[in-house]
Every structure is written in structure tokens, then in C-alpha cells.
Amino acid sequence: MKKKTITSLLIILAVIICLIIAQRTLDSFSLRILNLSGVYIIFAVSMNLINGFTGQLTLGHAGFIAVGAYTYSLLIMDSDLKQMNFFLKPLISPLDTLQLGFFPAMIIAGLLAALTGFLVGAPALRLRGDYLAIATLGFGEIIRIIFTNTQSITNGSLGLKGIPKPDNFFFIKMDNSLMWWIWVAAIITVVFHLLLIDSSYGRAFKAIREDEKAAQAMGVSLFKHKVMAMVISSFFAGIGGALLASLIGTIDPLMFRFTLTYNILLIVVIGGMGSTSGATISAIVVTVLMEALRFLDQGFLGLPELPGLRMVVFAILLLIVVLFYPKGIMGNEELTWSKLRRLFGKPFAAKEVNR
Amino acid sequence: MTLLLEVKDMTMQFGGLTAVSNFNLRLNKGEIVGLIGPNGAGKTTCFNVITGEYIPTKGQIVFYISENVNGQIVSKEIDITRSRPDQITKLGIARTFQNIRLFKNLSVLENVLIANHLNVKSNFLTAAFKFPAYQREEREMREKSLELLKELGLEKFKNEKSSSLPYGLQRRLEIARALATQPKLLLLDEPAAGMNPQESIELMNLINQIKEKFDLTIFMIEHHMPVIMGVCERILVLDYGITIAEGTPKEIQNNQKVIDAYLGVETIA
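Quick mapping for you: the protein sequence lines, in order, are chains H and V. Under our numbering, the first sequence has 292 at position 292, and the numbering climbs by one with no breaks. Under our numbering, the second sequence has 49 at position 49, and the numbering climbs by one with no breaks.
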């Protein structure tokens with residue numbers, strides 16, 4: 001138990017050192033991709049909790065992300081910026097002068113997304129399977145359409161521009177403090193989900209995934225646990241949304257279409273439904289590939305410019321994963337040292353025998 | 001003899017089909033009662049109504065629990081007719097399923113641990129961050145579960161995937177999992193289904209053994225006559241949803257109505 005804690009802390013330390021090196025050596029474009037990976041880790045890991053571990057196929061993640069992004073943006077912009085943005089219709093009264101710091105704005109964004117998750121989940125989670133997927137997909141779209149039409153709160157389809165980046169990390173002024181916020185949030189998300197799944201509640205979630213009737217017969221309240229998973233999942237989606245808004249600097253309702261949900265679902269499926277480490281790895285791989293494959297869109301090997309060609313690569317990637325690794329790269333297991341040892345063969349294996 | 005469960009005039013209809021009609025049952029503490037009947041007689045429906053899977057069309061189900069109030073043992077009756085399955089399990093009625101419903105991808109130990117979840121007092125945050133109170137709970141859960149697995153002879157399989165166990169042991173694990181919820185009443189739905197004679201005898205011994213050890217009352221459905229005649233003190237017979245006979249195994253064996261229900265009635269044309 002103790003040993004596990006120490007190795008976990010060592011991994012976190014290693015990630016932080018890598019981040020320091022990355023911050024010093026990478027150009028701003030690469031740093032942006034790095035940050036985007038962090039945000040997608042938060043999205044994928046949180047979506048995995050409800051879809052992978054609890055086994056409830058929900059497709060409303062983009063809606064919760066939107067709630068987080070908008071809440072954060074409206075709380076962090078100052079009144080001048082808001083006036084500039086809302087030139088068609090002014091922002092309603094308490095919001096137009098309200099301004100909070102980065103951390104409280106982000107937490108409120110998460111809490112509001114969690115509340116939305118509760119309001120969506122409480123009725124929708126009575127449904128199962130495809131019906132639940134369609135209902136949550138609908139709720140996600142409803143959230144987006146509400147945001148498009150509430151001109152005096154969200155600025156409608158004009159969106160919000162010039163969302164400021166944080167200039168400090170817990171009151172320490174530094175360059176790239178946003179990177180630290182994103183990656184600390186990502187680490188906390190991953191660690192929290194690993195710990196939660198390792199607890200009795202995690203076992204209850206998995207029991208629901210395996211067999212609802214049996215879980216209920218064992219005294220697991222289906223409604224309570226499903227809604228709990230949904231609320232936790234949407235809280236982290238909201239935090240991720242706040243960080244995404246801060247990273248991109250411009251948000252509009254079109255960003256939060258269901259394609260965003262599908263992108264995250266793609267990451268979760270590739271990583272393995274029910275594996276936090278799988279979701280983490282695949283979030284990084286997919287986000288980096290999304291950018292690295294941009295050259296395909298711009299025409300290569302004498303081919304003409306074909307915007308969207310890189311998405312074909314993802315379609316093929318998904319096909320390959322579904323055909324050859326139907327459970328994703330990690331299945332529903334976590335990456336552990338013993339697995340790494342087996343993967344890298346003899347020198348480590350020999351040590352294990354001696355022990 | 002103290003009453004533990006009472007089903008009063010329960011009728012269960014699905015649309016126009018009456019699966020069970022006017023079913024009455026009084027279970028006393030410490031009894032082993034059997035429920036038999038031909039296929040489709042409504043036995044599992046009875047189980048599903050008692051465990052809260054279905055809400056009966058008519059009738060009432062009352063569960064009696066004795067509570068220790070200021071040193072005095074007070075009997076309390078609780079109407080569980082409309083309770084949810086998980087609430088009923090919490091009160092102390094556990095069940096197994098006719099077609100084994102284990103958590104297939106989880107380990108044997110995890111299967112039993114999940115049944116302990118209903119007693120967890122920590123919330124998800126203190127559980128996730130492993131507060132000392134939760135760690136104590138988790139340790140107790142593990143100890144209890146391992147003890148239970150040892151009791152049922154499943155200890156050496158504790159880290160195996162539950163679906164990899166042989167059939168007889170899967171049935172046994174299902175019983176272990178039900179016992180982990182600390183029930184007062186155990187409902188067994190065809191525990192001997194698909195077992196060979198040797199396994200059936202082992203199962204009979206197991207049922208008697210856990211009944212004594214955990215101070216249980218058992219209500220079971222079974223098709224295997226040697227098993228039901230061997231363990232049950234009292235037997236109810238259902239046919240087309242109607243209780244056609246009730247009595248000791250001897251009485252049931254000689255009851256003409258029961259013989260007719262199983263073998264059919266000779267019609268003279």
C-alpha cells in the first residue's frame with residue numbers, strides 16, 4: 001500500500017519535471033497542443049467514469065463542457081470586455097459587473113456543470129442503453145441551443161471573444177501559468193478517478209455495468225449511483241470546459257456540437273471503456289495526431305488540398321481498433337508496473353523472480 | 001415461533017395474464033421452506049415480487065424485524081410491497097438468481113465485496129481520498145469477505161475472474177455474495193439447477209450448514225426433488241399461479257393434486 005503511494009508520487013513528479021522541460025524547450029504551437037492534450041485528458045477520463053465504469057452510454061458531454069466554458073468566461077471577463085462583446089444586446093445586470101479570480105471561476109464552472117449533470121441525469125438515467133444515449137444526446141443539444149438563443153446572457157451565436165488567460169498559478173506569477181492550471185487539473189482528475197474506482201463506490205459502479213439487476217439485489221441503489229457518477233463526470237467536464245475556454249480564448253455555441261462529444265467518445269473507445277490510464281494515453285495520442293496530421297489536409301505527395309482528410313485517418317484508426325482491439329488499447333484494466341515489466345521483458349522479470 | 005415474512009393475498013398480473021393469484025405465505029424464523037411447481041407455475045414471479053423486482057397487482061408483503069430498543073427486543077413490521085430491491089436487501093432479504101447473475105468480469109473477491117457496499121457509511125469523497133474511517137471500513141469488508149469465502153471453500157479462487165469458475169462453484173459464489181449482505185431471509189432460486197447428484201448432495205449440506213451458521217430462514221425454489229425433500233421442512237406447490245397444496249414433504253408426495261399437476265390428469269373420452 002505504502003509502496004504504491006510512493007510510486008504514484010514518483011510518477012506525478014516525473015510528469016511535472018517533463019512539463020518544466022517542455023515549457024522551456026517547446027515553441028508556443030507545441031505547448032498549445034500539450035495543453036490541449038491536458039484538457040482532453042480531463043474530458044476523456046471524466047466521460048469514462050459514466051460511460052466506461054458505470055456502463056451508462058451517455059452522449060451529453062459537450063453540453064456540460066459548454067456550461068463550464070460559458071460560466072467560466074462570464075465570471076472571468078471584466079466589465080469593459082463584456083461591453084465590447086455584448087454590442088447587440090447588453091449582458092443582464094448582476095453578470096455585467098461581476099468578476100472573479102481564475103480559481104473560483106473555474107470551480108463555479110465545475111459546480112454549475114455538475115448541477116446541469118444532475119438535472120439531466122436524474123430523469124434521463126431512468127432509461128437504459130440506446131434510449132439513454134439518445135436522450136442525453138438530445139439534452140446536450142438542448143443546452144447548446146439554449147446558449148445560442150439567450151443573447152443577453154451568452155451573446156448567442158456571436159460567442160465570447162478575448163477570454164483572458166490566468167497570469168498566476170495560486171498567486172505565483174509565472175509565464176505559462178495556464179499550462180500549470182491545466183496539467184494540475186488533469187493530474188488531479190486522473191488521480192481522483194483512480195482513487196474513486198479503487199474504492200467501494202468504484203466497485204458499485206462496476207457492478208452496475210456488469211449486471212444492473214444483480215447489483216440492485218446486492219443493495220446497490222441504481223439511481224443514486226448512476227446520478228452520482230453523472231454528477232462527478234459533469235463536474236470534471238465543466239472544469240475542463242473552463243480550461244478549454246481559457247486556452248482557446250474564444251468560444252461560441254458551434255464549438256459544443258455533438259461532434260465534440262464524439263471526439264471524446266473516440267478517445268474513450270480507443271483507450272478502453274473502463275480504463276483511466278487507457279483514456280489518459282489515448283487522449284494524448286489522439287490530440288497530438290489531430291494536429292500532427294494537419295499536413296494531410298494541406299495536400300501532400302502532389303495531391304490537391306483536401307480539407308478533412310485527417311479525419312479519415314481517425315475513421316480508419318477507429319475501424320482498426322474496433323476490429324483488432326475491440327476493448328481498446330487497455331481493455332478495462334489499468335496500466336500497472338507488472339504489465340510494463342512483462343512488456344519490456346527479461347531484465348525486469350528476473351528481478352521479480354528473485355524477490 | 002416468530003413470524004419473519006408474510007405475504008397476504010398477493011396477486012401478480014401482467015396485462016391479461018395472471019401469473020400468481022392469491023398467494024399466501026407465512027415464513028417463521030429458522031424455517032427452510034420450499035416452493036415447487038411445474039414450469040411456468042409462477043415460482044420465480046413470487047420471488048420477484050418479494051424482492052421488489054415487481055410491484056404486485058394486489059396484496060401486501062410484510063417483513064418483521066426484531067430490534068433491540070433499550071435492552072428490550074421489539075418486533076417491528078415493515079410493509080415492503082412497494083419498496084425497491086436495494087431497500088429490501090438492506091432490510092435483510094437476499095436472493096440468488098435462477099440463471100446465475102455474477103459480475104462476470106470482476107474477481108471472486110470483488111463479487112463478495114460489492115455485497116458489502118450497502119453498509120458503507122463513508123461518502124464518495126472520503127472513500128476516494130481514503131480517509132482513516134473509510135480505510136477501517138474497507139479493511140473490515142475485506143476481512144469479512146475473505147472469511148465468508150473460506151467458509152464456502154472459495155478462498156483459493158479469490159483473485160480469479162468469477163466467470164472462469166466451474167458452474168457449481170459459480171452457484172456457490174452467488175450464495176456467498178447473498179450472504180455477504182447479512183440477510184435474515186435467504187431466497188434461493190433453483191440452487192441445484194444443472195448440478196449432478198454429487199454436487200446436489202454437497203449443496204444440501206451447504207444449505208444446512210449456512211442456515212445454522214448464519215441463523216437464516218430459507219425460502220427456496222427447486223426442481224430437484226431429492227434436494228427439496230431432503231432439506232425443506234415445509235413445501236408449497238404452485239400450479240398456474242394457484243397454490244394447490246402446502247405441507248410437509250411426506251404430505252406433498254402423497255397429495256393427489258400435486259401428482260396430477262406434475263403428471264397430468266387422465267381424461268376419459
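In short, the hints are calculated from the structure, not lab data. Bear in mind the structure is a predicted one, so any value in this text is a computation, not a measurement. By construction, the Cβ of each residue, glycine as well, lies at the ideal position given by its N, Cα and C atoms. One thing to keep in mind: the hints can contain errors.
The calculated lysine to any residue pairs, modelled on SDA-like cross-linking and capped at a C-alpha distance of 25 Å, are [what the hints assert, rightly or not]:
1. V:213 x V:6
2. H:224 x V:212
3. V:90 x V:121
4. V:156 x H:333
5. H:3 x V:213
6. V:161 x H:126
7. H:4 x V:90
8. V:130 x H:295
9. V:158 x H:336
10. H:213 x V:259
11. V:156 x H:184
12. H:224 x V:15
13. V:144 x V:212
14. V:130 x H:213
15. H:2 x V:131
16. V:104 x H:184
17. H:4 x V:110
18. V:90 x H:126
19. H:213 x V:131
20. V:158 x H:194
Computed footprint of chain V on chain H; a stretch qualifies when at least three of its residues, placed anywhere within it, have a C-beta under 8 Å from a C-beta of chain V [said to hold, decoys possible]:
21. 217-226
22. 244-250
23. 294-301
Comparing the hints with the structure gives:
{"no.": "1", "hint": "V:213 x V:6", "result": "24 Å, holds"}
{"no.": "2", "hint": "H:224 x V:212", "result": "35 Å, violated"}
{"no.": "3", "hint": "V:90 x V:121", "result": "13 Å, holds"}
{"no.": "4", "hint": "V:156 x H:333", "result": "22 Å, holds"}
{"no.": "5", "hint": "H:3 x V:213", "result": "39 Å, violated"}
{"no.": "6", "hint": "V:161 x H:126", "result": "30 Å, violated"}
{"no.": "7", "hint": "H:4 x V:90", "result": "34 Å, violated"}
{"no.": "8", "hint": "V:130 x H:295", "result": "47 Å, violated"}
{"no.": "9", "hint": "V:158 x H:336", "result": "20 Å, holds"}
{"no.": "10", "hint": "H:213 x V:259", "result": "35 Å, violated"}
{"no.": "11", "hint": "V:156 x H:184", "result": "42 Å, violated"}
{"no.": "12", "hint": "H:224 x V:15", "result": "30 Å, violated"}
{"no.": "13", "hint": "V:144 x V:212", "result": "18 Å, holds"}
{"no.": "14", "hint": "V:130 x H:213", "result": "28 Å, violated"}
{"no.": "15", "hint": "H:2 x V:131", "result": "15 Å, holds"}
{"no.": "16", "hint": "V:104 x H:184", "result": "36 Å, violated"}
{"no.": "17", "hint": "H:4 x V:110", "result": "20 Å, holds"}
{"no.": "18", "hint": "V:90 x H:126", "result": "21 Å, holds"}
{"no.": "19", "hint": "H:213 x V:131", "result": "30 Å, violated"}
{"no.": "20", "hint": "V:158 x H:194", "result": "22 Å, holds"}
{"no.": "21", "hint": "217-226", "result": "holds (count 6)"}
{"no.": "22", "hint": "244-250", "result": "violated (count 0)"}
{"no.": "23", "hint": "294-301", "result": "violated (count 0)"}
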